[in-house]
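With the sequences and hints as input, model every part of the structure.
Chains as they are written, first to last, in the numbering used here: chain L, 1 to 402; chain S, 1 to 402.
None of these hints come from the bench; they were simulated from the model.
Computed from a prediction, not measured in an experiment: that's the story for all the values here.
Every residue, glycine too, gets a C-beta built ideally from N, C-alpha and C.
It is possible that some hints are incorrect.
As the list claims (entries may be wrong) - Residues on chain S that point at chain L, a partial pick, calculated with CB under 10 Å:
(1) G150
(2) M186
(3) P331
Protein chains: 2
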Amino acid sequence: MLSDDQGTVDMGCYGATDLITPNMDRLAARGVRFTQFYVGASICSPSRAALMTGRYPVHAGLATNAYGDRGLPPDQVTMAEVFKAAGYGTALFGKWHLGETPPLSPNAQGFDEFLGFKVGCIDNYSHFFYWHGPNRHDLWHNEQEHWEPGTYFSDIVVREATRFLEENRDRPFFLYLPFNLPHYPMQPERRFVRLYRDIKDPNRRRYAAFLTTLDSRVGEILDMVDALGLAENTIIVYFSDHGHSTEERAFGGGGSAGPYRGHKFTLWEGGIRVPAIISWPGHIPAGEVRNQPVMSIDLLPTLAHYCGVRLPDREIDGVDISRVVESPEAPWPHQVMHWAQGKRWAVREGKWKLVFDGGLFLADLESDPSESRNLIDQFPEVAKRLKRLHETWISQYTGGQK
Amino acid sequence: MLSDDQGTVDMGCYGATDLITPNMDRLAARGVRFTQFYVGASICSPSRAALMTGRYPVHAGLATNAYGDRGLPPDQVTMAEVFKAAGYGTALFGKWHLGETPPLSPNAQGFDEFLGFKVGCIDNYSHFFYWHGPNRHDLWHNEQEHWEPGTYFSDIVVREATRFLEENRDRPFFLYLPFNLPHYPMQPERRFVRLYRDIKDPNRRRYAAFLTTLDSRVGEILDMVDALGLAENTIIVYFSDHGHSTEERAFGGGGSAGPYRGHKFTLWEGGIRVPAIISWPGHIPAGEVRNQPVMSIDLLPTLAHYCGVRLPDREIDGVDISRVVESPEAPWPHQVMHWAQGKRWAVREGKWKLVFDGGLFLADLESDPSESRNLIDQFPEVAKRLKRLHETWISQYTGGQK
Numbered sequence: 001m002l003s004d005d006q007g008t009v010d011m012g013c014y015g016a017t018d019l020i021t022p023n024m025d026r027l028a029a030r031g032v033r034f035t036q037f038y039v040g041a042s043i044c045s046p047s048r049a050a051l052m053t054g055r056y057p058v059h060a061g062l063a064t065n066a067y068g069d070r071g072l073p074p075d076q077v078t079m080a081e082v083f084k085a086a087g088y089g090t091a092l093f094g095k096w097h098l099g100e101t102p103p104l105s106p107n108a109q110g111f112d113e114f115l116g117f118k119v120g121c122i123d124n125y126s127h128f129f130y131w132h133g134p135n136r137h138d139l140w141h142n143e144q145e146h147w148e149p150g151t152y153f154s155d156i157v158v159r160e161a162t163r164f165l166e167e168n169r170d171r172p173f174f175l176y177l178p179f180n181l182p183h184y185p186m187q188p189e190r191r192f193v194r195l196y197r198d199i200k201d202p203n204r205r206r207y208a209a210f211l212t213t214l215d216s217r218v219g220e221i222l223d224m225v226d227a228l229g230l231a232e233n234t235i236i237v238y239f240s241d242h243g244h245s246t247e248e249r250a251f252g253g254g255g256s257a258g259p260y261r262g263h264k265f266t267l268w269e270g271g272i273r274v275p276a277i278i279s280w281p282g283h284i285p286a287g288e289v290r291n292q293p294v295m296s297i298d299l300l301p302t303l304a305h306y307c308g309v310r311l312p313d314r315e316i317d318g319v320d321i322s323r324v325v326e327s328p329e330a331p332w333p334h335q336v337m338h339w340a341q342g343k344r345w346a347v348r349e350g351k352w353k354l355v356f357d358g359g360l361f362l363a364d365l366e367s368d369p370s371e372s373r374n375l376i377d378q379f380p381e382v383a384k385r386l387k388r389l390h391e392t393w394i395s396q397y398t399g400g401q402k
Numbered sequence: 001m002l003s004d005d006q007g008t009v010d011m012g013c014y015g016a017t018d019l020i021t022p023n024m025d026r027l028a029a030r031g032v033r034f035t036q037f038y039v040g041a042s043i044c045s046p047s048r049a050a051l052m053t054g055r056y057p058v059h060a061g062l063a064t065n066a067y068g069d070r071g072l073p074p075d076q077v078t079m080a081e082v083f084k085a086a087g088y089g090t091a092l093f094g095k096w097h098l099g100e101t102p103p104l105s106p107n108a109q110g111f112d113e114f115l116g117f118k119v120g121c122i123d124n125y126s127h128f129f130y131w132h133g134p135n136r137h138d139l140w141h142n143e144q145e146h147w148e149p150g151t152y153f154s155d156i157v158v159r160e161a162t163r164f165l166e167e168n169r170d171r172p173f174f175l176y177l178p179f180n181l182p183h184y185p186m187q188p189e190r191r192f193v194r195l196y197r198d199i200k201d202p203n204r205r206r207y208a209a210f211l212t213t214l215d216s217r218v219g220e221i222l223d224m225v226d227a228l229g230l231a232e233n234t235i236i237v238y239f240s241d242h243g244h245s246t247e248e249r250a251f252g253g254g255g256s257a258g259p260y261r262g263h264k265f266t267l268w269e270g271g272i273r274v275p276a277i278i279s280w281p282g283h284i285p286a287g288e289v290r291n292q293p294v295m296s297i298d299l300l301p302t303l304a305h306y307c308g309v310r311l312p313d314r315e316i317d318g319v320d321i322s323r324v325v326e327s328p329e330a331p332w333p334h335q336v337m338h339w340a341q342g343k344r345w346a347v348r349e350g351k352w353k354l355v356f357d358g359g360l361f362l363a364d365l366e367s368d369p370s371e372s373r374n375l376i377d378q379f380p381e382v383a384k385r386l387k388r389l390h391e392t393w394i395s396q397y398t399g400g401q402k
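Below, the structure written as structure tokens:
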């Protein structure tokens, strides 16, 4: 399960005291929660490309948002293709945002079934896309346009997901549920808006209600997994595609990165460090927290390891983090982590993080997780080394995909 | 009843052979249809301001689109205020678009009851406004925000309108139903989309289905008026707020001005000449057509005349056109007609029309209703006279409202 624009600390179990997220918290209580889980990008499509391929976005061939015929290249091997090849039933219900044309669509990228939208966001009731070009409907069941105006989109996702769970309870399956909440348009259920009447900031109130709307859907999925007796045989992963939005479309915000700097679009921690949980009752620890830095690109190799599924014979940037899941003492799986997005880039090596966001900024995340003090003058050699790491890394992808 | 962005000839009885509009045609068959009915502007708010006040938009204090606290000034006297003062029950169900703040709202402008939206357009299912600033909900019952996500907006309009008709059947009432169709977003009912599967142009198909969706609502209103036995005691007026849209949001178009030049935003005939019908079974002619040029600002004095309601003691630009309604031989009620919108302006005197749209264009509408030949060099004196008419007229409003 993926959330959309959920802030770094916007979950009860991450310390949010004003948010009602009993089901996300329940998932964390039966699994492992990460405090340094990084996504591949702070915008939607590259983050999803990284998740799907186990590769950095530039390596996956999609470093910018998808639109029309720009998307995840068909020759990339997705998580869905990996599991499908292993005999798993595969389905996606929710937001794709990795390309709109048939060769770029979920069905062409390993999903047996798809019901959802291909653009970046929709009105949750009409399923129209309003943010670029003509005001158009964007809801699909596989390659057929699907009309269900008036039905709240998350209810469609839950309905299809629970049907899929029922139908596939006796076989291995890979179910990808990229919810479009709490991404704008802010359209929470009214019952949850009323729950938050004491929050004074209308933006936070709206966001909180929308997040709780999402939480209720997470709960419906968990309940169905449990009711079908699948809990101990189902690995559930939940995380946000990146940090919270501060866009005008979302009233300038409502989400929170807590102590972290930045938000969606930026490569500060608040853009790329997200709430993330993995659960597998009876197989991995429950109610534990991991502080090692890990990445969304690690999920493909990790899940493949857990499921005994063969990875494709091609270079993957993520690594199996099952040892981290198992133990807080496990060594860090990544010596270096990279991000590159438009003109922005960042590199992390151990406690050091160098961010280019117009200028260079060097932070010691151990003593300054808020990236508030630029140490570039104190540690020019560190900055130089990290810059070189970035340059060496990005040069592999400059002038074309590797 | 007002439609939104309906093209000049987009109605069966106006010659459209590809459009299914049985209810609009039914209304025309029991009333009088105009071939030269002009609105006050080719954009939404000024056109509505003219209708409401019986004044040219510049005279009504709103020559541009309303937004936020920019709207029809509270000191303007609306049609609703005129009828309310005469003891009529007044209601508006639909699109207001004459200001959003309480002093500019329908309740402050003479409507006892209002259920609808104040902005220029909404998603028909979520009732969100997407075209400027934050993505926000905009549906109101009087001054209270009204939540009914998932319900098709036109169904709300019809439900409230028919309830109002029932509740007010035994008293005089003024019911204003500004439908938001076929304005973008193009969200026709699916059953009507299927009716048009033979239309090849997807834009026309979408528009046609949306117009037929509107037509079905017009039919529901007519049916209720008839069922309540109110037909012979109810004057029904129907027209479009201006010509069809060619905006990208509407896929570049779908509506038609037929032989006429221009569309929404322009002051060519296709922007300001609209389909218009008035019906009052047993009192005015039925199934007849009038070719005299008339204007939407004429409706207030005409309806006041029919209803024996006193007009406010203030200057109104419209005139009583009941003689035109009565007879095709009645003299033209306007010697001169004016439009002014941004930098564009136009003036019509008899068969002559002078349009400023970057340059000056003089047309003889009698021989060239399509405004295809600029006669300014052949008839410089005519152009000069019309230009002076415009200048004299507009000078009254330059530097402030009269």
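Going through the hints against the structure:
1. G150: Holds, because the Cβ-Cβ distance from G150 (chain S) to chain L comes to roughly 4 Å (cut-off 10 Å).
2. M186: holds (7 Å)
3. P331: violated (45 Å)
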